[in-house]
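All chains should be modelled from the sequences, with the hints used to inform the complete structure.
Chains as they are written, first to last, in the working numbering: chain A, 1 to 297; chain B, 1 to 272.
Derived by calculation from the structure, the hints in this document are not laboratory data.
Keep in mind that the hints are not guaranteed to be accurate.
Calculated lysine-lysine pairs in the BS3-like style (CA-CA distance at most 30 Å, straight line) [stated by the list, open to error]:
| hint | chain 1 | residue 1 | chain 2 | residue 2 |
| --- | --- | --- | --- | --- |
| 1 | B | K192 | A | K296 |
| 2 | A | K294 | A | K7 |
| 3 | A | K198 | B | K29 |
| 4 | A | K7 | B | K192 |
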Amino acid sequence: MKQLLIKLGNVDRRWIFILIGLSVLIPLLKPDWIRMPVKTTTNTEIVFNEISNLEENDKVLISFEYGASTKPEIHPMAIALLNQLFSKGIKVYIISLWPEGVIMAKDVVTQVEKSGVFDLEDGLNYVMFDYKVGGEIVIKNIASDFRGIYMQDINKKFIQDIPMMEGIESVEDFDFVFDLSAGVPGNAEWVQYACDPKNVPLSSGCTSIMVTDAIPYVESGQLRGILAGMPGAAEYENLVYNFMINQNNNKYILDDGKIYPGKATSRMSAQSLAHVVMVIFIVFGNISYYLKRKRKD
Amino acid sequence: MIFFKRQFATFVLIFMGFLVLSGHFINNKALGDFVDKDATQWYEIIAGFAAFLGVLNLLQLHFNKISYKKKNWQYSILTLVSFFIMIFFGFFYNDANVPFGAHLKDETSTFYWIFNFVYLPLASTMFALLAFFVASASYRAFRIRNFEATLLLVSGIILMLGRVPVGALIPWYLVTFMYIAFIFVLFGHLIKDRKIYFISFIISNIILFVMGFMFNWHLFTPSFLSIPLIQEWIFSVPATAGARAIMIGIALGTVAQSFRIITGREKTILGD
Chain A
1 MKQLLIKLGN VDRRWIFILI GLSVLIPLLK PDWIRMPVKT TTNTEIVFNE
51 ISNLEENDKV LISFEYGAST KPEIHPMAIA LLNQLFSKGI KVYIISLWPE
101 GVIMAKDVVT QVEKSGVFDL EDGLNYVMFD YKVGGEIVIK NIASDFRGIY
151 MQDINKKFIQ DIPMMEGIES VEDFDFVFDL SAGVPGNAEW VQYACDPKNV
201 PLSSGCTSIM VTDAIPYVES GQLRGILAGM PGAAEYENLV YNFMINQNNN
251 KYILDDGKIY PGKATSRMSA QSLAHVVMVI FIVFGNISYY LKRKRKD
Chain B
1 MIFFKRQFAT FVLIFMGFLV LSGHFINNKA LGDFVDKDAT QWYEIIAGFA
51 AFLGVLNLLQ LHFNKISYKK KNWQYSILTL VSFFIMIFFG FFYNDANVPF
101 GAHLKDETST FYWIFNFVYL PLASTMFALL AFFVASASYR AFRIRNFEAT
151 LLLVSGIILM LGRVPVGALI PWYLVTFMYI AFIFVLFGHL IKDRKIYFIS
201 FIISNIILFV MGFMFNWHLF TPSFLSIPLI QEWIFSVPAT AGARAIMIGI
251 ALGTVAQSFR IITGREKTIL GD
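Here it is, written out as structure tokens:
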């Protein structure tokens, strides 16, 4: 027994790879086999409540700062966010500070439109802008002079011809800013250069790895909650899904539209199982380490 | 020529540095507008041109690698071929029914198809590989070597379990068991007799188990026995404290470095 435990501390890395691979693959291929109940955390609830407190025709600026590599984590958040905003009749303004962000944004809007839940019109319910180079400098510019950098929307239509752009001069004209980020520029830059100096409420959805850096802003209230990685996306998706299916006389949700829970929820089982496998390996590794050290002594 | 590379560049650097800095301290509309609007727009224009420099640098680097057949030069061919394919479909070929430029974001264009079905899966795969490496690395590195390593291990495990739904399924008595095990790992060396060590470990577990049922912990689990809540506490207290310390350090470093740059003491940015 002792020998076996010691051997478990030197498992070939290929076995670890195989087990991690299977623990991710099985729940993804057979989601019915393993179902994990998703419980919401405080930060996700704050985000949901902040968006819920917005009124019809309020203006929300969403910044897309992620790309293909982090799409599985952040894309579900973006879809759930647009669902919540459109179901409240909120005007959405979309910008991209990453080159890939604009493709991500376009994909999210297309998916929400294709779901058939809302009757959306470009320029009336939402407006999209192209990628702008400069990162935090663009954020600083948005804080003082939005029209100075965004003269046309993504369809090359001048902003003076877009009715929902009326009255938008700087970040102060938005009721809320939401940042979807996977790096720099990200939520820290939005806090430092735009939302904190101009006192505009800001929330963020980011990758799990970014949460530690963003948490000080959440604790100080400079970020109103945070959607932290895939778990945050799954929690938020569930809140939005429950909100939407319980809306009986919502004039923004079409009767024949089908509301589905998002993709992050189904991916959580895979992540749960992978984490459990990792913890088991760490525990066995330590037992083996302890036995080996004892033998040496 | 040396004048433009050294003295003039340093002069522009110092002048612009002080001008932008003064905009934050002097209440003058013209100066404020320059800092907030003009200077930032200048930056955007310069940053746009930097993309061309990046392209030139990429081409130079990989053509050099191929010409001199440096290590792994074959991959450079792949990089350049991929680069020129994307340039072709981005700049010269539009097969979608939308104007040129808009085709980059149109689902029916070849450029978008390559992005969606080649680049996206490749980028996701690269990122997904991290899961395997992290698993293997944490298995080897997370060892109870000393107090700090044990602390890291315990908080790492709590975060790993607390961030996913499975953490909420862990019952309170398992968490009390973990607490007791942690205390015995840390202070176990004070008990020399192995029998007493084992018996006191078992008795502590039984006492806490009985106590838990007496206090109805199975119905109302206290926050210190809930893995997701402990995880939230780790994030909001120790992690925040650590992150703030790092942020303040970085900010002070940035101030010091910026001061060196705008006073002309830091010359490395001029290529020295």
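Verification of the supplied hints:
1. K192(B) x K296(A): holds, 18 Å
2. K294(A) x K7(A): holds, 15 Å
3. K198(A) x K29(B): With Cα atoms ~17 Å apart, K198(A) and K29(B) stay inside 30 Å; holds.
4. K7(A) x K192(B): The given pair, whose Cα atoms are some 27 Å apart, holds under the 30 Å limit.
The structure agrees with every numbered hint stated previously.
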